[in-house]
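Sequences listed follow chains P and C, in order. Counting from 1, one number per residue, gives the positions in the first sequence under this note's numbering. Counting from 1, one number per residue, gives the positions in the second sequence under this note's numbering.
Source of the hints: derived by calculation from the structure; they are not laboratory data. Each residue gets a CB set at the ideal place from its N, CA and C atoms; glycine is no exception. Be aware that one or more of the hints could be misleading.
[Unchecked claim] Some chain C residues close to chain P (C-beta under 8 Å, calculated; not the full set): (1) 162; (2) 240; (3) 357; (4) 368.
[Claimed, not checked] DEER-style ranges, computed between Cβ atoms: (5) C:413 x P:156: 27 to 35 Å; (6) P:2 x C:294: 28 to 36 Å; (7) P:158 x C:420: 27 to 35 Å.
Read off the chains here:
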Amino acid sequence: MMLQAENTLFTIVVIGYFILTALNFAFVILKKDALAKVAFGIQTGIFLLHTAALVLRGIGAGHWPMTNQYEFATSFAWALCLVSLVFIRKYRFPVLGAFSSPLILLMIGYAAMQSREVKELMPSLRSSWLAFHVSTAIIAYGSFGVAFVLSLIFLFRGRIKGEGFWGQHIPQPEKLDMISYRSVCLGMLFLTLTILTGAIWAEQAWGSYWSWDPKETWSLVTWIIYAIYLHLRIRRGWRGKAAAWFAVIGFICVIFTYIGVNTFLPGIHSYA
Amino acid sequence: MKKIGKFLSSMPFAITLLVLLAAACAFSSTVSQGQAYEYYAAQYGERTAGLILALHLDDAFHSWWFIGLSVFLCLNLLCCNLIRLPGLLKRVRTFAKPDGTTASNATAEAEGTGDPHRLFAALHMPSVRESENGQLYATGNRAGFWGAWVCHLGILLLILGFALGQITMKQYTVYALPGQTKGMDDSGLQVTVDDLQILRAESGAVQQYTAELTVLDPVNHTEEKGTTGVNAPANLYGYKFFQNSVGWGADVRVLKNGQELQKEGLCVGEFFAISDKPELVIYFPAFYPDYSGEPKQSDPSLPVKDPAYLYQVYYQGQILGMNILKAGEELTIDEYTVLFDNPRNYTLLAVKRDVFTWLVLLGGLVTLAGLVMAFWLQPRAACAVKEGENWHVFGRCQKGGVLFREEFLKAAAETGFTPCKSSDIEGDDA
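Make the full structure from the sequences, and use the hints.
Here it is as structure tokens:
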């Protein structure tokens, strides 16, 4: 019953994200600010429906809904939606929605392609650390996703001459760089929490807090890439464009850690 | 010496090390670790296999070059923190002084007849002080200066704890059927698995493996009892006992001319020699709990329906034959009869003592605290100078200047001030 309702809600959410992306495209093509306001309202509505779908999934499955590829992908899209909503509102930056909604659509599309079957959790996943570890991971990934989008906008901003639609709607590079930095900071903090909670959990479950498992190793690689980004930002000449490219590389690492590692480098995280 | 210290603590050196570490980790994760030459030769060819072994890529994370990179990273962090400390202390002190924020270093400034106290409160700097010349000043989030320093310290503690743990850690693997007692190598302790319970859901899926253990210290004639389960290790004699996995085992009986010669519990993967003819060895490579089922699986979590035992017989190291024995069937070799029965799960326990785990955890928490301080506590200062009827207010933020300027000017406008100039300073976001 719960899972049926979740299934229906999930379908509505996928359609909603599709409409949101189309609306955002219309906003940047027609250059009408009213469309951005409508898009923000729709994104808030879809976010609430998406939250409800996740709650139903959790109740129906009987566990925290982040234990397989489908659940993690839909949660990842949810986190992307949440972080982008927060950043659009906090920095009054509607164009961010136009750039972030295709990424959310891609992620929810990836989720839709995964098996939605509910399986019993293996004993090692039956831990209260699961909620902490995976929740922090999705917030980290969502933040890095938004930082990725902001960095793309930053790189795109460099090509804009004069004060047209883009010049008026995209903040100055200095501010954009700072917003992207804030998003990376949020992601970095949550990624550190993810690694830390994962280590504590691994110590309880397997007796080793760090095993150089491919997932662990790639989480560390991602952490190091963003650490490089943070260091580059305080070096004259590297701030801005170079740092933005590192934020893009960092997000590629995030995607590889999430999808690539499971596909090409199986280890003790193979279920994730 | 000073030059070496400066180089070791430099940012380009840190970035180079981080890039090398990221590349080393990424590359090493693509090479299967801990395999033999034959494996790599089959996978990548003989020349590449030789290169993998020569560069220690088969155990990359314990190789001399990886440890070397980590040591250099520690030196970099240590030198960076030591060299930066005096400057940092000075910076924090200067920032708190009334003349620390002036028109020349201000991120934003405004003037008007508004109340500076309200402006400071709006900028989250409620504690306002007055200097001798009547100037009002306030600071906030000064702990933010320490963020990167604390973060570096945390990473140092973490690496130190990990390294000390790797060097001093005691680790054993014990597997035993319920009722069996096994020794723990050089620890001198003996482990008896009193019981192994498998908790299943209605669907048959395993929810938990729980083993009851008794650990015996034969020297002091003491024992400790405990229960271990997945995610719930037992702590006995200072060792942690982790329920790592389970496998199949069974009782093997050997009859000689109809009389029982020996009986013992045997786990899959184990050998046993006939007691009065040790050159005759039985090997137990696999057990199938449901041999009639398709496909044939040896999954240890499956219930026993139609048990079948795969065996191999060796004589003086040469294989004589192999076959399947089903329940009740016998294997006869000359005057010996071998029977398998009572199939059940054995438990595999990972036993560990790492007295430096706390240091790793502390390092992780300190790193986290450093990140929070560095990212969210933006050191800020503001001062107000009376100029006739007007107040001239300055604001300064060490990080995120552009966003602070917006915040300052908004707060100034809300508290009765007019922006008179805005400038930006180079921030320090690390």
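Now for the hints, and whether the structure bears them out:
For residue 162 of chain C, the suggested interface contact is upheld, since its CB lies about 7 Å from the closest CB of chain P, less than 8 Å. A hinted interface residue such as residue 240 of chain C counts as satisfied when its beta carbon comes closer than 8 Å to some beta carbon of chain P; here the least separation is about 6 Å, so the hint holds. At its closest, the beta carbon of residue 357 of chain C sits 7 Å from a beta carbon of chain P; the interface hint therefore holds under the 8 Å criterion. The restraint placing residue 368 of chain C at the interface with chain P holds, with a minimum CB-CB distance near 5 Å, inside the 8 Å limit.
Hint check: residue 413 of chain C to residue 156 of chain P, Cβ distance near 32 Å, so the stated range 27 to 35 Å holds. Distance hint check: the CB atoms of residue 2 of chain P and residue 294 of chain C are about 34 Å apart, consistent with the given range 28 to 36 Å. The hint said 27 to 35 Å for the Cβ distance between residue 158 of chain P and residue 420 of chain C, and at roughly 31 Å that hint holds.
When the structure is compared with the earlier hints, no violation turns up for any of them.
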